Each structure stands twice: as C-alpha cells, then as structure tokens.
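Visitor: Sequence:
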Amino acid sequence: MADQDKIRDQEQDQDQDVLDEETLFIVSQTFKALSDPTRIKILYLLSKNEHSVNQIAESVGMLQTTISHQLRFLKNLRLVKFRREGTTIYYSCDDQHVMDLLKETIDHARHH
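Just so we're aligned: the sequence shown equals residues 47 to 158 in the working numbering.
Since the hints were derived computationally from the structure, they do not count as laboratory data.
What you are looking at is a predicted structure, and each value in this text was computed from that prediction instead of being measured.
Check each hint, because a few of them may be wrong.
[Said to hold, decoys possible] Below, simulated BS3-like cross-link-like pairs (lysine-lysine); rule was C-alpha separation at most 25 Å, straight line:
no., residue 1, residue 2
1, K94, K121
2, K78, K149
3, K94, K149
4, K78, K127
5, K127, K87
6, K121, K78
7, K149, K87
8, K94, K127
9, K149, K121
10, K121, K87
11, K149, K127
12, K94, K78
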C-alpha cells in the first residue's frame, strides 16, 4: 500500500510541474500584449494616470479607432479597466503585476 501512495504522490507532483491550458493561454496572451509597441505605449501612458481614448490617441499619435481596438484587447486580458463619465470613457491599469513587469522591462531596456 505504501508503494501506491508513493506513486500517487509522484503523479500529483508531476501534475503541478505542468501548467494547465487556461494558464498557458493567459500567459501567452499577456506576453502577446506586451510584444506590441502600440500596446506598450498605451500601458506605459496608463501607468502614469487614467486617460480617455481621445487623450491616448493624441498622446501616441494614432487614430481613435486603432486605440479602441487595442484597448479592447487589453481589457479582455484584464490589463486595463474603464469607467464612464458622461459620454467619455476613461481607461486605467487593472493589473499591477503586469505593470511592474512592464516597468522592469523598460528599466532593463534603458540600461543597455
């Protein structure tokens, strides 16, 4: 019986060594988000303060429709959140872990 318990424990340990499909997908999508220069610009801007779509578009020099598309991608990953004030929607960061990763990566790039 002790051998069966040992085998079961080893199998459980091996299961923890492999990421589940949902986690793998979220991790890959997060890195996909961070691999796009436009999304990096948006996240960096939002790391400083919340902004409306128009403010983001003006700051990064892109069309509002392009920014809205990118924000939707980031929102689906829960990297940004929004609040409505009248007819204006303001976006801000929603995941401090990812923002810390972005900041560290920017610091790394600036020191090379």
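Visitor: Now tell me if each hint is right for this structure.
Guide: Hints, one by one, checked against the model:
1. Under the criterion of a C-alpha separation no larger than 25 Å, the hint pairing K94 with K121 is consistent with the structure, at around 17 Å.
2. Proximity of K78 to K149 is assessed by CA-CA distance (about 16 Å); at most 25 Å being required, the pair is judged to hold.
3. The hinted pair formed by K94 and K149 meets the criterion: a straight-line CA distance of about 11 Å does not exceed 25 Å.
4. For the suggested pair K78 and K127, the alpha carbons sit about 18 Å apart, so the restraint of at most 25 Å is met.
5. Pair hint K127 plus K87 holds up; C-alpha atoms about 16 Å apart against a cutoff of 25 Å.
6. With a C-alpha separation of about 14 Å, the suggested pairing of K121 with K78 holds against the 25 Å cut-off.
7. Our distance criterion of 25 Å between C-alpha atoms is met by K149 and K87, whose separation comes to about 12 Å.
8. Proposed proximity of K94 and K127 is supported: the alpha carbons are some 14 Å apart, at most 25 Å.
9. Simply put, K149 and K121 have alpha-carbon atoms about 19 Å apart, close enough for the 25 Å limit, and the pair holds.
10. Only pairs whose Cα atoms come within 25 Å are accepted, and K121 paired with K87 is accepted, the gap being roughly 15 Å.
11. Annotation: proposed proximity of K149 to K127 holds, straight-line Cα distance about 19 Å (limit 25 Å).
12. Distance check on the hinted pair: K94 and K78 sit about 22 Å apart at the alpha-carbon level, within 25 Å; holds.
Comparing the model with each numbered hint stated earlier shows that all of them hold.
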